[in-house]
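Between the sequences and the hints, there should be enough to build the whole structure, so can you do that?
One line per chain: the protein sequences are S and E, in this order.
Residues 253 to 593 in our numbering are what the first sequence spells out, letter by letter.
Residues 1476 to 1804 in our numbering are what the second sequence spells out, letter by letter.
It is worth saying that the hints were derived from the structure and are not from the lab.
There may be inaccurate statements among the hints.
No farther apart than 27 Å at their CA atoms in a straight line, the calculated lysine-lysine pairs in the DSS-like style are these [said to hold, decoys possible]:
1. S:K389 / S:K497
2. S:K339 / E:K1635
3. S:K292 / S:K591
4. S:K546 / S:K344
5. E:K1538 / S:K344
6. S:K489 / S:K389
7. S:K436 / E:K1538
8. S:K430 / S:K587
9. S:K438 / E:K1538
10. S:K389 / S:K292
11. S:K400 / S:K497
12. E:K1538 / S:K389
13. S:K550 / S:K587
14. S:K464 / E:K1635
15. S:K546 / S:K482
16. S:K591 / S:K555
Sample of chain S residues at the chain E side, in silico, Cβ under 8 Å [what the hints assert, rightly or not]:
17. G313
18. S415
19. V445
20. P448
Nothing here was measured: the structure is a model prediction, and the numbers come from that model.
Even for Gly, the Cβ is constructed at its ideal location relative to N, Cα and C.
Residues per chain are reported as follows:
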Amino acid sequence: MRRITGMLLFVLALGGLALAQNALLINGAGATFPYPIYSKWFDEYHKANGSQINYQSVGSGAGIKQVTEGTVDFGASDGPMNDDQIKAYKAKNGSGILHFPTVLGAVVPTYNIPGVNVALNFTPEALSGIFLGRISKWNDPAIAGANKGVNLPANDIVVIHRSDGSGTTYIWTDYLSKVNPDWKDKVSKGTSVNWPVGLGGKGNEGVTGLIKQTPNSIGYVELIYAAQNKVPYGSVKNAAGTFVKADLASVTEAAAGSVKTIPDDFRVSITNAPGKNAYPISSFTWLLIPEKFKDAAKRDVLKGFVKWAITDGQGLTENLSYAKLPKEVVDKELKAISKIQ
Amino acid sequence: MATSSINVPNAGPVAGSRSFLSRLRDGDEIARVVTFLFAASVVLISLLLVVELWMQSTLPRHKFGFSFFLTRVWDPIAEQFGALPFIYGTLVTAAVALLIAVPLGIGAAIFLAELAPQKLSDPLQFFIDLLAAVPSVIYGLLGVFFVIPIMRQWVQPALKSTLGFLPLFQGPAYGIGFLTAGVVLAIMVIPYIISVSREVLLSVPRDQREAALALGSTRWESTWKVVVPFARTGIMGSIFLALARALGETMAVTMVIGNTPTISASLFSPGYSIAAVIANEFTEATGDLYLGALIELGLVLFLLTFILNGLARLMMLLTTQRGSGTAQA
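Shown next as structure tokens:
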């Protein structure tokens, strides 16, 4: 009998503790790409503000799904929601959902060619031809033409792509769809596509692993991943005709180049952006915030967070190799925050 | 004298001699009911699994029908989904794995049970049990860093130069593909085969071996012709266990199979398996048809396992009946 009362009291005490943890907890889920900077931000914001924001990097697709279902308070995605998804959200929740770009990312072509230790130049024709399977040897004129002086072997190209659904794939295929109408017809853009050729690796790590293991291979990974893991990558010719190697400055320039045409809902693709030194395979990553909040406390915390993230928070991005938002975009977003009710 | 029958005839309640209530009070009936519920819950869970998979895959089932099993295309953008490459990949990798693992595993089990001295057998068994407990991701890493380079640099070129006339060993040798996935799976399932087969072989009664030896057979003859056939059902059971693991293995396979939905006669070709595609694409699957197609693939895998196990059990039933299950003395 005493043991039972003891256990009962213990359970009640635990329950009381749980109730006492009344601090506001906000849940979000979504893209894996910005996870490092988001977790740093949430941590810093918690220190400054006290509110707890919990983020699960389950993938852009899952993020969109969960915020539509209402299991989380906000979502995050590397690709903007398309019209069908926004309609589905409105149908389920009665009001709309807003996109807020937070940081910029880029995707770079990486390769492993025995004997070639320099950064190669890739034209859009070369990249799309390789990934369509039309260019099958490294010494093809489409590649060699941009790399005079480099001894490219006559070996077969092994294409490596992502096997899992991913925002990186979305950005890469979005770029290829823009520069090659055949790609747009045959494959199109998406987080998971029907690749004409190539082997699939799981995650940026899988692709890098496969490239390191397979001679004469080419693949694509996130810029941050390539930088942090010292993976060699090539330059890509942008819309202005310059061969640009991806770095924080060229990525921010890509965003700046599209600032004039950025729509009010911020759902824009900035691949192949105009600008002399803009890196053509760049993209925003977005926070998906519902337009209407039932809980005023959560709404205020999130509004405050977004405001902080696009202003003060941008100072933390460079250390983690994320490019910051251009000023014009930030100004536009600050105005858009008032739409959250 | 001893029979090989494993089934103990069911000891039902002593008919009529005690009332239900008196049996209940003595705990017999409660024990019977409770253990029955436990057993039934397993069946119930399997049924619930099938029902859930069936219901969640309604959309693609209505859209594609039986053509889902015959289509080769897997295009999430155009929303065309077909299961054939994945079924092919699952079956091929499991077949390669078993072809490698069964002779090796049974051979090792025979050595450990019959021919090895006790001092060698017990430590070896410890290591084998350890291998069986290693998580599959570790095997995947072993595959990526160890097996793939060996396959690409030595094994596949060697196979190509000697047996390259067979369509099985043609095509570029990337190091990843059906063969490598089969090899990694074989490494994973061998411990299961060894453990279970060794136990079964050890449980063969001594008098069987002694009778064979007394009739003048050599050590090997008594092992191979008397002990192993006696333990046949248990050994087949271990092979089913291995098959089940090989069919469902996810992480290790997706790291070495190449993740390309193709059907090719060559074992060097990259491929895809059902478990691997579900693991890769499920979290980012947008759209109900896409998700439904992945869930339908799960249903297909369940069906595949069910059919293969059923066939295996049928085969076992037929062979046991023919040989009447007892050792050939």
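Going by Cβ atoms only, is G313 of chain S closer than 8 Å to chain E? With a closest approach of 4 Å, the G313 of chain S hint holds.
For the pair we were handed, K430 of chain S and K587 of chain S, check the Cα-Cα distance against 27 Å. With a Cα-Cα distance of about 30 Å, the restraint between K430 of chain S and K587 of chain S is violated, given a limit of 27 Å.
Check the hint pairing K1538 of chain E with K389 of chain S against an upper bound of 27 Å on the C-alpha distance. At roughly 40 Å apart (the allowed maximum being 27 Å), K389 of chain S and K1538 of chain E break the hint.
Please work out if K550 of chain S and K587 of chain S have their alpha carbons no farther apart than 27 Å. Between K550 of chain S and K587 of chain S the Cα gap is close to 19 Å, so the pair holds against 27 Å.
Take a quick look at whether K389 of chain S and K292 of chain S sit within 27 Å of each other, Cα to Cα. Not satisfied, since the Cα-Cα distance of roughly 43 Å exceeds 27 Å.
Restraint status (C-alpha distance of K436 of chain S to K1538 of chain E at most 27 Å): Roughly 25 Å between the alpha carbons, so the hint for K436 of chain S and K1538 of chain E holds.
Take a quick look at whether K1538 of chain E and K344 of chain S sit within 27 Å of each other, Cα to Cα. Judged against 27 Å, a Cα distance of about 24 Å means the pair holds.
Is the straight-line distance between the alpha-carbon of K464 of chain S and that of K1635 of chain E 27 Å or less? 23 Å, holds
Do the numbers back the hint for P448 of chain S, that is, is its least Cβ distance to chain E under 8 Å? P448 of chain S check fails; min Cβ-Cβ to chain E is 10 Å, beyond 8 Å.
Against chain E, is S415 of chain S within 8 Å by beta-carbon distance? S415 of chain S check passes; min Cβ-Cβ to chain E is 3 Å, inside 8 Å.
Taken at face value, is the distance from the CA of K591 of chain S to the CA of K292 of chain S at most 27 Å? This hinted pair holds, its Cα atoms lying about 26 Å apart.
Pairwise hint evaluation, K482 of chain S against K546 of chain S, where the allowed Cα distance is 27 Å at most: 46 Å, violated
Hint violations for this structure: numbers 2, 8, 10, 12, 15 and 20, all remaining hints satisfied.
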